[in-house]
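Chains as they are written, first to last, in my numbering: chain A, 336 to 773; chain B, 336 to 773; chain C, 336 to 773.
Hints listed in this document are in silico derivations from the structure and should not be mistaken for laboratory results.
Honestly, I wouldn't trust all of these hints.
Derived Cβ-Cβ restraints for the label pairs, each shown as a range [said to hold, decoys possible]: (1) A:GLY621 <-> C:GLU384: 57 to 63 Å; (2) C:ALA380 <-> A:LYS710: 28 to 34 Å; (3) B:LYS772 <-> C:ILE722: 41 to 47 Å; (4) C:SER445 <-> A:LYS710: 30 to 36 Å.
Every residue, glycine too, gets a C-beta built ideally from N, C-alpha and C.
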Amino acid sequence: MRTGAVMDRRMGESSEIGEQMHQFAKELYPICRSITGDGIRKTLAKIGERIPLTISEVPTGTTVFDWQVPKEWNIRDAYIKNLHGERVVDFKRSNLHVVSYSAPVHATFSLSNLRPHLHTLPDHPDWIPYRTSYYREDWGFCLSHNQLLALQDADYDVCIDSSLEAGSLTYGECYLAGQSENEVLISCHACHPSLANDNLSGLTVATTMASVLAGRDRRYSYRFLFIPGTIGAITWLARNADTARQIRHGLVLTCVGDAGGFHYKKSRRGDAEVDRAMEHVLRHSGETAEILEFSPYGYDERQYCSPGFNLPVGCLMRSTWGTFPEYHTSADNLDFIHPGQLARTLGVCLSVCDVLEENRFYVNQNPFCEPQLGKRGLYRSTGGESIDVEIHARLWVLNLSDGEHSLLDIADRSGLPFNTILDAAELLKASGLITEKA
Amino acid sequence: MRTGAVMDRRMGESSEIGEQMHQFAKELYPICRSITGDGIRKTLAKIGERIPLTISEVPTGTTVFDWQVPKEWNIRDAYIKNLHGERVVDFKRSNLHVVSYSAPVHATFSLSNLRPHLHTLPDHPDWIPYRTSYYREDWGFCLSHNQLLALQDADYDVCIDSSLEAGSLTYGECYLAGQSENEVLISCHACHPSLANDNLSGLTVATTMASVLAGRDRRYSYRFLFIPGTIGAITWLARNADTARQIRHGLVLTCVGDAGGFHYKKSRRGDAEVDRAMEHVLRHSGETAEILEFSPYGYDERQYCSPGFNLPVGCLMRSTWGTFPEYHTSADNLDFIHPGQLARTLGVCLSVCDVLEENRFYVNQNPFCEPQLGKRGLYRSTGGESIDVEIHARLWVLNLSDGEHSLLDIADRSGLPFNTILDAAELLKASGLITEKA
Amino acid sequence: MRTGAVMDRRMGESSEIGEQMHQFAKELYPICRSITGDGIRKTLAKIGERIPLTISEVPTGTTVFDWQVPKEWNIRDAYIKNLHGERVVDFKRSNLHVVSYSAPVHATFSLSNLRPHLHTLPDHPDWIPYRTSYYREDWGFCLSHNQLLALQDADYDVCIDSSLEAGSLTYGECYLAGQSENEVLISCHACHPSLANDNLSGLTVATTMASVLAGRDRRYSYRFLFIPGTIGAITWLARNADTARQIRHGLVLTCVGDAGGFHYKKSRRGDAEVDRAMEHVLRHSGETAEILEFSPYGYDERQYCSPGFNLPVGCLMRSTWGTFPEYHTSADNLDFIHPGQLARTLGVCLSVCDVLEENRFYVNQNPFCEPQLGKRGLYRSTGGESIDVEIHARLWVLNLSDGEHSLLDIADRSGLPFNTILDAAELLKASGLITEKA
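Just chain A, same shape as in the assembly (with noise of 0.2 Å):
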């Protein structure tokens, strides 16, 4: 399998693929998803349109170590209607106006009475903010600060049109066999409501990621995880310990669309062969690209790398959350992600997968002194003039190859892409100057 390979040369001539992640990304974007409900559920299905994806369905109250699985929540309606019965703020206009999770609610209040219960952001007027009440019941509307300094000193009639019970909680698997069954594992959270980068991209590039990866060969086994944050993590983890045992290394996605550089926030264990291969990738990528250490605040890896699993899971983001001021705002729309961003996000991924695909340990059959190259047509010629990069990489995976260096470790000590190592190593192979150690 390189298949990162291809599809890096394949978005060099179009972003077709970017397009239709952006398209994707498109179509799911008015669905009012929350951490439960027929939202997530809408979105899980459009994604089962384009991978093979197995739902579940966790009944409220179920145990998850420390937490319970919350009441479901759904909403048909919401707005606050001024006294001439106009809806100064709805709902339909944007799923971002209700607070996640608010409790239902349908009655007139003074502005003074309703206030408390108005986000905004001062500095950005024009803006909505996104908020939640997960684990509190309480009610609240987001509107933009605009909106609210035009609100006259009246009474307004307030609904919410929503209900808050029993339930299940949803998320959705896509399970990829591989000849092992150690997988790895690519998480992302579809919990947030209209809101582009977060995370509509990392949707749509593990969705598009697997279908690519479903038409390979894989020596490990794949496994894409479309769930609520945090308490989807935690309700997944909690029901398959066993299967996390599998997990080898695995990848959060999240706000990988937007303009800006990568950022890769390191596993706890900090040198995980995800990190080194990630970190490789992204050197070699000629993309901007920051290395973060892992801190225990952030996506879904919180969950991964909580002590007692401690995987080898780290989160590949591009502008990371809370320092763009569009994060968990209305502006965080459509235009906010790009198609060649989204295209160049799973060209590193799958880049990333070939690694982890490919990464062996070869024991050189000609250990004293070198092989001679010549022979076998692996050398130049005529002796007096440089050699080329890749007869360079034969040397080095000939050097390495004593069964305690991998193909990342000969790459990265080498100086080399993983590819033109990975290329001389097959040479060799093919000649029989290296074998895979047993």
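With chain A fixed as given, assemble chains B and C onto it according to the hints.
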């Protein structure tokens, strides 16, 4: 116990404690100390008025490892008189005028015969140097270069009314028992005459530190040594080899009152807990500070860090010996040390004690995924906004409390101050989420 | 043995030894060397006039690991004559004119048929390139690009009066037995024709080094190899696998006479004692020097550091091969190497031998506190002043002589030159304060 934080805050309000230390230094300044004799006895008596002090007298001739306790030296008077009977050099004006440990002499000398016994500093013509001759019997005078230039070529009446006889070496020890027999050692040399930074600064900070710690609960026992340099440390170690094995952390304090930034010289081990605690405290102190690698020249850490003991003892200084021109001259006087600097040194030392006292290993009782902090009131209630540093600290403590990371490890890895991590740990411990490692 | 220091001093006074080396290079320069044949035999004979040399002849066809000893190549004459019978290219003017290992040829060629057999350097139109065709039977001429441009489109009488027949591969070995059978290997390739830096510089430095070391007591045995590149090292290793196991330290010497600063390429191990010794010597040498990581392309360290052997052999160069335009051209002539540079290279090599010879582990016999150096005359007598570097060195040796730190470790940690540490150790040993570790 959390004295450093308290001290820092108090010192922010006033430098009263700094003024008290400076006043104490002023009281000790005129005493003519040496490595033995009544000068150090008087000094220890004054320290003993402030903290509980055990005085040891070790007889001249006692073998202490490769050394022997020297004769006791005392001095009553010394001068150089000119033809007119005027004291052109007078011990009563500065005890630096006599080379420490000068043998008695009373005779008439021509200037040329006297000259080899006269020490000056031509580059600082107004300053008197400080010189000693402990281990080779000799005598001499130290004077300003201008004094020397003013001497006429004539005969002089030279007198050193000293005695160098069998007696004893004196040192003082303040022991504060804690819950554990494991000890923290604070050591400072008390053998220099009228020199303020070297080392009345160390004496006054150590005395005040003992006084503060005496009033607190202590996990560790604390031992403060007020000893003559080199021979004092050697004597103490020779007589207390078993006790030395109880020392878990230690600091030599010297030159800690001048206007310079901090210098901390690490123990021979280089990664001892006291080294890491001091580096942490200095990094978060807001003071300029430089960390120096261990070297076998300096103060009594030379003895504590000799290879047979290899104790985890570092050395805290402000300006380092030998690097400031006032070092070992009459210019190292009471104006050279500052109340605020003494107070901030005390604050750093107490903060290091806080870290050592409170640095423990905890074990997360909910290691699989994060525990639900919200239901315990330990998390923000509205999602979508950023979290406070206090919550960050809780997540860090939970994530790294696997029994392998101490609170200091967690503080260093998170970049957060130890006290923030400690606050989080105490809260989590109170909630039953972590327990101390058995 | 402390030859490096002596050499350095002598070289400081005059570069007589450098002139001698340059003179020897001049003597060797005209010989037409290749990887086999009379050229290398003559060269070894001249080396054998200076140092005891054992010559080995290994028959053509002998299997050496994955290789076979090639046919022996000899050449008597070669030329390209124009219509007027003038030699427009003449082997007698430069032995670089013939591609090394050219098969015999004598025929008339049109320029266009001859052209594929002609090698030039268009970017340096006055220089003749150096080319070989060891392992593919071929023939060719190297000439300056201006010579090529002057050739008319006509027929040429082309002659290479060479032989390529069963014979043998020749190499020379100088073995200096020491107290131990453990060996230091010095290896240099002797197969290049009229090229001065690459590698008459290595040959002359190695020869002089052997000559100097022959007159000294030696802890290690020393083995100097003068061999054809690649096939020579492979042949020696194949025939001396047991001896190779005795090699404790090794250096390949090449390109060590040009005007550039030093480059030391570390062994595959990267932290071998020879790597650390060379880094230490270069750091204190006052010469510009760069340390390079190991890579599997270069000179015969490729074979010594193949994974089956993994010998601690580094490579000392001044300018590195391939990075200077004169490399492998007629411009790498006697003017390109300098007596002073050869002499300073010799000094560095001998200093590294000094370190290897004298690097030992000692054990402080007074490990508890410092011993009293003063009573042994090893300390200053008047206290209060700073101490000399010699006393610093004694304190360092005493402090770190716990059986775990070698003198080189102590030198590196203290930042002091090895010789200063060695002097201190010898003095302390003579005083009985340290003894060599059993």
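* Asked: Which hints, by number, does the structure contradict?
  -> none
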